[in-house]
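Q: Chains A and B, in that order, are what the protein sequence lines are.
Start counting the first sequence at 521; every next residue gets the next number (our numbering).
Start counting the second sequence at 521; every next residue gets the next number (our numbering).
Be aware that one or more of the hints could be misleading.
All copies of an identical chain are treated as equivalent in the list; a pair is satisfied when it fits inside any one copy or across any two copies.
To be verified - Here are the simulated DSS-like pairs of lysine-lysine, each with C-alpha atoms no more than 27 Å apart in a straight line: (1) K690 x K775; (2) K672 x K690; (3) K626 x K535; (4) K724 x K690.
These are computed hints drawn from the structure, not numbers from a lab.
What follows is each chain in one-letter form.
2 protein chains.
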Amino acid sequence: MECCDLTKNNIGSYKFLAEPFHVDCTGRLTLSIVGNHLLNCAGMHAAKRGFGITDLNEHHYTWVLSRLAMEFECLPMQYDEFSIDTWVEAVYSLFTDRNFSIHNAKGEAIGYARSVWAMIDLDSRRPVNLVTMHEGHINDYICTERECPIEKPGRVKVMATEPVYSFSAKYSDIDINGHVNSVRYIEHILDLLPLEKHKEERVKRFEIAYITESYFGDQLDMYMDEEADRNAYQVEIRKHFTGEVVCRAKMVFVKKGT
Amino acid sequence: MECCDLTKNNIGSYKFLAEPFHVDCTGRLTLSIVGNHLLNCAGMHAAKRGFGITDLNEHHYTWVLSRLAMEFECLPMQYDEFSIDTWVEAVYSLFTDRNFSIHNAKGEAIGYARSVWAMIDLDSRRPVNLVTMHEGHINDYICTERECPIEKPGRVKVMATEPVYSFSAKYSDIDINGHVNSVRYIEHILDLLPLEKHKEERVKRFEIAYITESYFGDQLDMYMDEEADRNAYQVEIRKHFTGEVVCRAKMVFVKKGT
Numbered sequence: 521m522e523c524c525d526l527t528k529n530n531i532g533s534y535k536f537l538a539e540p541f542h543v544d545c546t547g548r549l550t551l552s553i554v555g556n557h558l559l560n561c562a563g564m565h566a567a568k569r570g571f572g573i574t575d576l577n578e579h580h581y582t583w584v585l586s587r588l589a590m591e592f593e594c595l596p597m598q599y600d601e602f603s604i605d606t607w608v609e610a611v612y613s614l615f616t617d618r619n620f621s622i623h624n625a626k627g628e629a630i631g632y633a634r635s636v637w638a639m640i641d642l643d644s645r646r647p648v649n650l651v652t653m654h655e656g657h658i659n660d661y662i663c664t665e666r667e668c669p670i671e672k673p674g675r676v677k678v679m680a681t682e683p684v685y686s687f688s689a690k691y692s693d694i695d696i697n698g699h700v701n702s703v704r705y706i707e708h709i710l711d712l713l714p715l716e717k718h719k720e721e722r723v724k725r726f727e728i729a730y731i732t733e734s735y736f737g738d739q740l741d742m743y744m745d746e747e748a749d750r751n752a753y754q755v756e757i758r759k760h761f762t763g764e765v766v767c768r769a770k771m772v773f774v775k776k777g778t
Numbered sequence: 521m522e523c524c525d526l527t528k529n530n531i532g533s534y535k536f537l538a539e540p541f542h543v544d545c546t547g548r549l550t551l552s553i554v555g556n557h558l559l560n561c562a563g564m565h566a567a568k569r570g571f572g573i574t575d576l577n578e579h580h581y582t583w584v585l586s587r588l589a590m591e592f593e594c595l596p597m598q599y600d601e602f603s604i605d606t607w608v609e610a611v612y613s614l615f616t617d618r619n620f621s622i623h624n625a626k627g628e629a630i631g632y633a634r635s636v637w638a639m640i641d642l643d644s645r646r647p648v649n650l651v652t653m654h655e656g657h658i659n660d661y662i663c664t665e666r667e668c669p670i671e672k673p674g675r676v677k678v679m680a681t682e683p684v685y686s687f688s689a690k691y692s693d694i695d696i697n698g699h700v701n702s703v704r705y706i707e708h709i710l711d712l713l714p715l716e717k718h719k720e721e722r723v724k725r726f727e728i729a730y731i732t733e734s735y736f737g738d739q740l741d742m743y744m745d746e747e748a749d750r751n752a753y754q755v756e757i758r759k760h761f762t763g764e765v766v767c768r769a770k771m772v773f774v775k776k777g778t
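For reference, chain A alone in the conformation it holds in the complex (with noise of 0.2 Å):
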């Protein structure tokens, strides 16, 4: 639930009440719940500055993400108030680092996050100059009074050569694009796992790369490797047929109250 959109030196800032469907077995928000709202803060703050996915499409062109980083020290439970701070960190010819920080009631931060985006252009699906775009003013919303304290998204490699689970992309899965959204992948991971190791242990740091688009009826594979001794899971998902790569994904779990 979002009420307000403050903005304050290039920040957005957005509240929000953890709903009671949103949260798992635990009570805490699902991280792909997280992810939902920290891609909502994005295109929210991004449509007040001119560069929203409306505004882009009016040029032929649109916000693709390419990574997300999110890392926490807890996460909101059941009916929490809490807000999602964003910011323009960089801006490069092809990409731009937009980061997040996550807040209690308190307003203490409580996570961070990491995104990368490209603009590419809808004909050619080609990438696009970002400063091209409104003279260069997106130069204009970069931030540089704030920290993001975490590790940028890192190389993720899978050496699986069998797929732990399989599925066929749905009806649920697919967002106005036709593609399966983002935020479904973060769910089919999370679900590689059982429910006792989300209830006994908790997700430090969740990262994924979106390499090519998925749709409805591909059947896709999804690989896993276990780092043990570091408790994280390396995952990778690819179209059955063609072995495209559609992400690839880590998980770091700790155990609860750590």
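Chain B: place on chain A using the hints.
A: What follows is chain B alone, placed relative to chain A:
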């Protein structure tokens, strides 16, 4: 996004915005998201009057959703503002009827819903006489001023003997009570039909009766009858190993524009 809770004449009214990740391939809000919003509104309205889940839990009671029926002329599109009104129509000894109307940004009704709730004892799981709580004050909140011009949830009977689909309940399906959450069943049922069906037609009426809880790891078989002459589908979800019926639902489709 809900930003205000107006109550007048025992009717709760809540405002929302249709978020990008909440719409389907046609850009319309999904019925599972609508269901989520309806149930949140029910919770908020009941809580304002001392009959929320938290209030009931103090007495070792809780609300259990028994039936939900939703019927729409159209659904909100991405970024549309919409609102939901909710009111209690009737209170019986073991059940209460709560209705909803859904309105577009102009305030015109675009859909209605009816829900039936039971109050149960958390320890025995048995129904509780609703009028014994708060000395019968629940009757003070009945609204006699609004009509809900859709049929009450009806009886669904499925004759199919072989499942059309089977799935195992996963982490993302499970709510804070450890059950598959009410809204997830709606998604799984909508997912039985191909994308083309949802693109070319729309669900005019969706009703669901919740019979038995299911849990993480339960293998759930989905049985479906098609009533071709009525463009309707009746679905039953049963636990694979015990045959227990978990829920029954009916979807009535119409061509777009009707």
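Q: Between K724 and K690, at a C-alpha cutoff of 27 Å, which is it: within one copy, between copies, both, or neither?
A: Between copies, since 20 Å is at most 27 Å while 29 Å is not.
Q: When no copy is named, should K690 and K775 be tagged within, between, both, or neither for a Cα gap of at most 27 Å?
A: between (34 Å within a copy, 21 Å between copies)
Q: Please work out whether the CA atoms of K626 and K535 approach to 27 Å or closer within one copy, between two copies, in both situations, or in neither?
A: both (12 Å within a copy, 25 Å between copies)
Q: Given identical chains, is K672 near K690, meaning Cα to Cα at most 27 Å, within a copy, between copies, both, or neither?
A: neither (32 Å within a copy, 30 Å between copies)
The structure does not agree with numbered hint 2 stated previously, though it agrees with all others.
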